[in-house]
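Protein chains in written order, with this note's numbering: chain G, 1 to 378; chain U, 1 to 287; chain Z, 1 to 181.
Hints are computed from structural coordinates only; laboratory data are not their basis.
Note that the structure is predicted; figures quoted are calculated from it, not measured.
Be careful, since some hints might not be right.
[Stated by the list, open to error] In silico DMTMM-like links for lysine to aspartate or glutamate, alpha-carbon gap of 25 angstroms or less:
1) U/K280 - G/E218
2) G/K46 - U/D90
3) G/K362 - G/E267
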Amino acid sequence: MVEEQFVLGNEACALGAIAAGCRFFAGYPITPSTEIAEKMSYLLPKYGGTFIQMEDEIASIGTIIGASWSGLKTMTATSGPGISLMQENIGYGFITETPMVIVNVQRGSPSTAQPTMSAQADMMQVRWGSHGDYEPIALAPSSVQEFFDFTIEAFNLAEKYRLPVTILADEVVGHMREKLIIPDKVNIVTRTRPELTDDYLPFDAPENGTTPMPAFGEGYNIHVTGLTHDKRGYPDTNNPETHHNLIKRLCDKVLANRADICSIKKEFCDDADIIIVSCGSPYRSVGAAIKMAREEGIKVGSLKINTPWPFPEEEIKSIANDVDNIIVPEMNLGQMVHEVERVVAGKANVHLIGKIGGVLHKPEEILEKIKEIHEGEC
Amino acid sequence: MVEEKVSPYRKYLREERLPHLFCPGCGNGTVMNAFFKGLEQSDIDFEDIVMVSGIGCSSRVPGYVKCDSLHTTHGRALTFATGLKLGNPDLDVVVFTGDGDSASIGGNHLINAARRNVDLTVICINNNIYGMTGGQISPTSPRGSFGTTAPYGSRENPFRIAEIVGAAGASYVARWTTAHPMQLAKAIQKGLNSTGFSFIEAVSQCPTYYGRKNKLKTTIDLYNHIKEHTITKRKAEKMDVTELQDKIIVGDFENPRRGALCKALKELTEEVSGGPLATKSAYEELD
Amino acid sequence: MRKEVRIAGFGGQGVLMAGIILGKAASLFDNINAVQTQSYGPEARGGASRTEVVVSDEEIDYPKVSHPDILVAMSHEALIKYMDDLKDEGILIIDPDLVVEEEIVDFVKEHNINLYRAPATNTATEKIGLRIVANIVMIGAIVKVTDIVSVEAAKQAILDSVPKGTEDKNIQAFEAGYALL
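Bound-form chain G, shown alone (with noise of 0.2 angstroms):
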């Protein structure tokens, strides 16, 4: 029966992972993503699932790698600094291709700086905090609903592709209670084992792809090892090739996978002059800006990133083509920005606003910047 809750952004999350089979979650409290831990700690016995809290989110992210090999859904939750502490070892659930889904409620930063404010601190981190080449996914949600659903997408990719998939939330979407429909049913990816033959190699993955993944103590004696390895699993550290082989496949597995990965939405882009390429809760900013230019007459649309990781190339490039400028509201400095420009690569004006201090973009902030581009363009 489909079901409906007035809730927490951070619950309706911890409600997307039950649904998606999530059965393991390890973490710390940290403001403001405590709220999932907490639910968590609630949900996850109903369910037959395990809940424990770590002395820190180092040992949090590596719990729920163990956990993952041990057959289970896992998931970690946190914020700012709790996601620099856990790198090190996100970085070895990549090396390793060990699906998890690790959530990070953003808030002002860097170091302690606002625990109870909102920012998109962390776009970046996400896509280069760990040392090395990697390829991650991450999914932005602007709404409670977006929420539980991009959970439930992250479970899914994190197992389809064997990587750790990150929900890049934060304050602001965290900490709003807004209706929340729970679907009778969920689609979801399960995991299968693979077949153990006598010349079973648990890493020999098609190129661009992954290969399905046994859980310990079947009888598949694999070694899983942070260091470079071959295709059995051991340590091959010296060999360049080896190396090669391996990272280019982890990272080729997501980038060439793009199409089944990337989602955005498009509103009012038909007849637009100005697009807004926003993602996570400035997109709330942004819907009402364009209401409010368009009822003043100027044509702005709005492209909204789901999964700023793959970065959706594709997209962007193409509304280069249909408008000279584009804006980019962003909780930060500056940080996506420079991916859009990037990719538009000077085929048309890209406008940062960048906001920091912990509250969203007011409506007319970027109104405002609408009229400046519009005024003179006229």
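Fit chains U and Z to the given chain G structure using the hints.
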């Protein structure tokens, strides 16, 4: 003609990975043998064993054992092991770690895992030095000992890891050395058989770095050094602190029984859900 | 039509719960849209407490309240702190026993504020015999004056939110509040 002696424990190894990378005279082989011996004498089947390790020479052990093994990040092995064990309590999870891995970078995880009394068997090979990175002092390096980062001799006080783990609440703790392989195997057997957190500290030798830096040039020198400095727990109890300063106290440090984590969490889940613990559910369709 | 509501008071008055009930009433039982937010700042740890609800029959984009149409003040401190944001000709509901009305006379006149006095705390204590339901009394008053949610939806949201066994008292409190104005 020299007859080649084959270890009875070779069957547990990934033969295709041999030869191993341990230096001649390293204590890791002795500890591995003690582990297999302890395992065979325990109630645990080799088939149920999975191994976890962090980073360091001792952490390379699981890579040579023919079981599922998770070679993780420096200091964090116990966190991964906690997830594996809680995720599937049917697994017998054995952690190999070292003095740097467990007591320095992983110190917080060590005391918290012991506090939780999570059902793991941890074998800590303590060679008083960082071997993998080339001979830097560790948190167990004796005061006055030399390392590449202590060219004038260490001025710090060392940890006694087993005592810390015992104080933090582990069910079973023991310390033996590579000079006591029989007792070490017995301790590992006890550790495997007991519920809760079992911690076996195996004081070991690193001839390549510790020996070379500390005028104990040969493995025999190191071995004798360990033997000479060893004292049983019973004797140590009658000695004062100054007498014990450079001694390696060996024996069992058993704790009064405390509740173990797996049982407690299993009971919680059963109480709240009225059903069994979900294991391997990632492979199952949801109802 | 988008309506912005801010309810403020001090900790322990159930201000946050009042906001959640209003949001729930609108979104789950009147089937229109609502977003409820609250202050999570250090101020939430001290005396002051604040919640905000946006209610609309259209989709709500910007979720925050900047210039409320309706301000409900359950303490003097909250009233003084948030009064200036209230829209001209906006609705101000105060608990007269907890505020010093003389201090706002000029403001009310100057901005053509529609001022309502709902002695929620006194009603909760005297009529219901439970001081703790002052927030529910206040919801009754808000629903009566503003029409942002229906009486039926408000009652259902209350029943959905309060602890089991306290339903009757809370409905009585709502009705007492509704009758105040």
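Going down the list of hints, with the structure as the test:
1. Simply put, U/K280 and G/E218 have alpha-carbon atoms about 11 angstroms apart, close enough for the 25 angstroms limit, and the pair holds.
2. Between G/K46 and U/D90 the alpha-carbon distance is near 21 angstroms, which keeps this suggested pair within the 25 angstroms criterion.
3. Under the criterion of a C-alpha separation no larger than 25 angstroms, the hint pairing G/K362 with G/E267 is consistent with the structure, at around 20 angstroms.
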